[in-house]
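Read off the chains here:
Protein chains: 2
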Amino acid sequence: MTTYRTRHGGTLRADDVGAEVQLAGWVARRRDHGGVAFIDLRDASGIVQIVVNPDEAPASSEVLRSLRTEFCISVTGRVRARPEGTKNPEMVTGEIEVAVAILDVLSAADVLPFQLDDRFDADEVRRLKYRYLDLRRDRMAANLRARSAVIRAMRHVMEERGFLEVETPTLVVSTPEGARDMLVPSRLRPGQFYALPQSPQLFKQLLMVAGVERYYQIARCYRDEDFRSDRQVEFTQLDLEGSFWDQEGVLDTLEAIAAGVVREVRGVDIPRPIPRMTYNEAMTRYGTDKPDVRFGMEIQNLDELFADSEFRVFADNMASGGTVRGLNVGNQGLSRTGFDKLVDQAKDLGAKGLFWMVVEQNGSVRSPVAKFLRSEELTGLVSAMEAQPGDALLVVADDFHTAVGVLGQLRLDLGQPARHDDLEFLFIVDFPVFEHAADGGLAPAHHPFTAPVDVEEMRTSPDTAISKSYDMVLNGAELGSGSVRIHDPEVQAQVFEILGISQEQAQARFGWFMEALRYGTPPHAGFAIGVDRLVAILQNEPNIREVMPFPKTQTGADPLTGAPGRVDEGQLEELGIEVRADVKAEWSASQTDAVPSESS
Amino acid sequence: MTTYRTRHGGTLRADDVGAEVQLAGWVARRRDHGGVAFIDLRDASGIVQIVVNPDEAPASSEVLRSLRTEFCISVTGRVRARPEGTKNPEMVTGEIEVAVAILDVLSAADVLPFQLDDRFDADEVRRLKYRYLDLRRDRMAANLRARSAVIRAMRHVMEERGFLEVETPTLVVSTPEGARDMLVPSRLRPGQFYALPQSPQLFKQLLMVAGVERYYQIARCYRDEDFRSDRQVEFTQLDLEGSFWDQEGVLDTLEAIAAGVVREVRGVDIPRPIPRMTYNEAMTRYGTDKPDVRFGMEIQNLDELFADSEFRVFADNMASGGTVRGLNVGNQGLSRTGFDKLVDQAKDLGAKGLFWMVVEQNGSVRSPVAKFLRSEELTGLVSAMEAQPGDALLVVADDFHTAVGVLGQLRLDLGQPARHDDLEFLFIVDFPVFEHAADGGLAPAHHPFTAPVDVEEMRTSPDTAISKSYDMVLNGAELGSGSVRIHDPEVQAQVFEILGISQEQAQARFGWFMEALRYGTPPHAGFAIGVDRLVAILQNEPNIREVMPFPKTQTGADPLTGAPGRVDEGQLEELGIEVRADVKAEWSASQTDAVPSESS
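Note that the protein sequences, when read in sequence, are chains A and B.
The numbers in our numbering rise by one with no breaks, and the one at position 144 of the first sequence is 992.
The numbers in our numbering rise by one with no breaks, and the one at position 379 of the second sequence is 1227.
Since the hints were made in silico from the structure, they are not lab data.
Hints may be right or wrong, so weigh each one.
Said to hold, decoys possible - Some, not all, of what chain A presents toward chain B, calculated at C-beta under 7 angstroms:
#1 Ala-892
#2 Pro-1038
#3 Phe-1041
#4 Arg-1068
#5 Ala-1411
What the hints assert, rightly or not - Chain B regions said to be covered by chain A (calculated; three or more residues, Cβ under 8 angstroms):
#6 1032 to 1043
#7 1369 to 1382
Cβ coordinates follow ideal geometry from the N, Cα and C atoms, glycine included.
Bound conformation, chain A alone (with noise of 0.2 angstroms):
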């Protein structure tokens, strides 16, 4: 195949006993047996056994001598089937291994900083300082064999389906009063930026405009927000779009992209069509628009119930236009400390309060606020939530989305499968156009660029008017959301008014968007599907830093390369900014502080 190898050694098999063959690779494990070494040799392919006997290759005993784990080697041998008694039958080479004529190391490896066998051990930001040794961890190799097969499988629907590829621009404008933008000075026009993107909204609704009618792109994304467990700087989504489409083509497409991925990873193929689910079901069952429909534990409606309850929390809220909601977590054998935390967490999500009930064996229910409900409501409780003895039932009185809200966390904390090889896509619809935002105005729930179902519904009754924007919910997580885009200019301004953005700060904005939907814009819809979860999901890890090549610490520094780092001045000289004053002042103290002067 190469002047390094004849073959890969994870493909061999009986087939091929008798064959000479060349392999190349590191050493996985060495094993030393009277005199003989045992060597798993690893390549791309997998891992074959070969065997160093200083008796049959006499050359190759003073290189065995130097030989350790992780060196990069070359091997001529024979493929011969193992001594009976010898066959791993887990290995997919099991029957056989490599008798060594030739061994020659192509590459020594100082001793390892970590052991490769045993990833859980090592400090994430160890790991991160030598990726490319983390990396060679089987299962780091295959989440990055199945990132790119998710990648090819998307890319693969695209393309069957007459998607264009498209790369926008990745040096854009910045928005003044937009997110945070990841800025890029100019040097051509000094003190002036670019923004990096935070997606391709603009340009691939601009490709629309421009008649392109299919477009796709595998985009980098830019987001320069505190950083999450699950979020990076950089990121990675499928971002589509097409004209003279609406939700249903979207949807569908979307559903063709979720069984190609996952016929490809996982071999399977996913119940069709995909379950779809209302905004306001989602959050009525199961308190969140990304509901994990792995699991029941449903949020249950208790207003008839208690509708002349006369315990005073429940009567008042009730009184107040609030709703008393539910849910059965079951058998989780809490301990009254356990109900305790789990009341502060209540709070702490916002409610104000959380009674909890546990049904006993012989059916009663035992409770701090038993004594204030009548026994109606307490075997009414116990039948509405479907309880067996020794469930556990939690209860929110409270306005409905703090109620639901609160209960859909409790939910997940107590109920979602950690692991689990299931599947469950989920597209949610009908989404507001609008939610009230942190000051008590109207912000967009998707983005301003969303059509409402109905234009007139949208002015007259904005708190309620629905859009045409739809999420893709995978386990619970979102994997992207997307909408019939606004095509119509005067829409998009009246957008623009219920918003509270004068014409003047829209122009400022959005001038130019705003004046490319005045020249025959055709109907439009989109999506965009975040690759990094996915691939996450689907490999079942933890963090999306696992299935990304060289991802940042979650301070957004590089541990491998030092990333980001202090530049020269001279470097910004040309590009007319500088370090502020006060930030060097605090590097010169710190420096000061590391190195203290001898007189001191």
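Take the given structure of chain A and dock chain B to it, following the hints.
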């Protein structure tokens, strides 16, 4: 197909006569004839003629009044054969037309800023400002499709050959002494910067250390240099690398890529194998390392002919180790003034002078220097240059690189075919390891990670030592370059030493990379192909901006969105940087100029 159409208009044929269809697209052209409107309806599939007769579709007459070019419309109607005499054999849909029953405007269009059917009228800044209209032109739409097809074809070869697609990071470390990086200030580490990658070079080599064995990526790269007509700050390359791989393996894969791409875009097979030429041969015959071999006009070595010339210039040049090279540029019909311009051009290119001769009808040679040359020299020259009557001969006496370099440039100016469907791929091999930098020291001819053919030769004869590097050339353009890399940290250290990079400097710039080489790095090699240039050549486009969806101008601006722009001081606050006072002062000054105060 969707709620907006049942067919793509451009796919209708005589077979479809009688079918009721719904179409959607844009009004490409409208002619009115006896009250009937004939409209060329354009969608992504092509153009079809639709006929709106207000007698047959009364509701359409009002719509027709307002209908202008580039309105986005939807029509329902019946396919019918065009009347004899009105069929258009130039159009694939020319046998039929669609008689419209219902005509709806999906989206109106303002009067266009420029006409879409003659691109050469609009200036480029205007085209870029309205890129979404510019891309509706047939040629630009074809360029977008070709770009997508090129990348798809590349990927198919990579997938067939088992390459893993891996996304390397785009927020990387800035190497202080390297070429100009585009910088990205970090918010979590104020005053520090990431760089955007000039290429994924070191990360792809790390992937080899990581055991990936075959990697590829369609990578966005960034180069902050002064713009030339064919450069952009951001550009795209097919980046690939392999372990246990060598030059033969790389070239074989590159050939498969070239063949796959040309087959996909042009529908033809390129001649295989792709010819190879050493760097020395290319320089000698064509005066460049990226020869355009679509035409001959090779540079001739005239040293033997003029070995004992009495012409002072030749003799002196010979004595100082120089060479005499000639070029038969054929019958260019040049006047005395024309030749004088060539002489000036040669001097601008660095030659001490340029001699020209014209072969007369009678075989004699006319030249300002004819009188200094012996008649055997003149007849020998005609013979050596295989000159015919009318041919013009250009001769340069200078050091080798100047002589062939100047003639090589004149060869292109006088001989290169402007538009020419031929595709002449070529591999240039055996580049030197080092070249002389402007400061007289040595610089890596490729990059400092390129393996020498012979380490000992590199140490003892750095001036002439050959490296394992290679370029791919198409029609005189360098499509890309690659090399076998250094995988031995000791050899890498020696290269840095020869380049005059101290151990401390090497450690500061590449320490993390040098360390990676210490852990069993496999022998590896790779390449990168510039996608923009390749697509431009395949599409016969003079500059790469024509094949980029949203390019920047030559000063790095986007006339459409206004990028780059000034940003809020608040946006910079968190980043620990500020725009330099002198730059802000200039802004204030120019604002004062632009908006004079009332009192002035």
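Which hint numbers doesn't this structure obey? Hint check: nothing fails, all pass.
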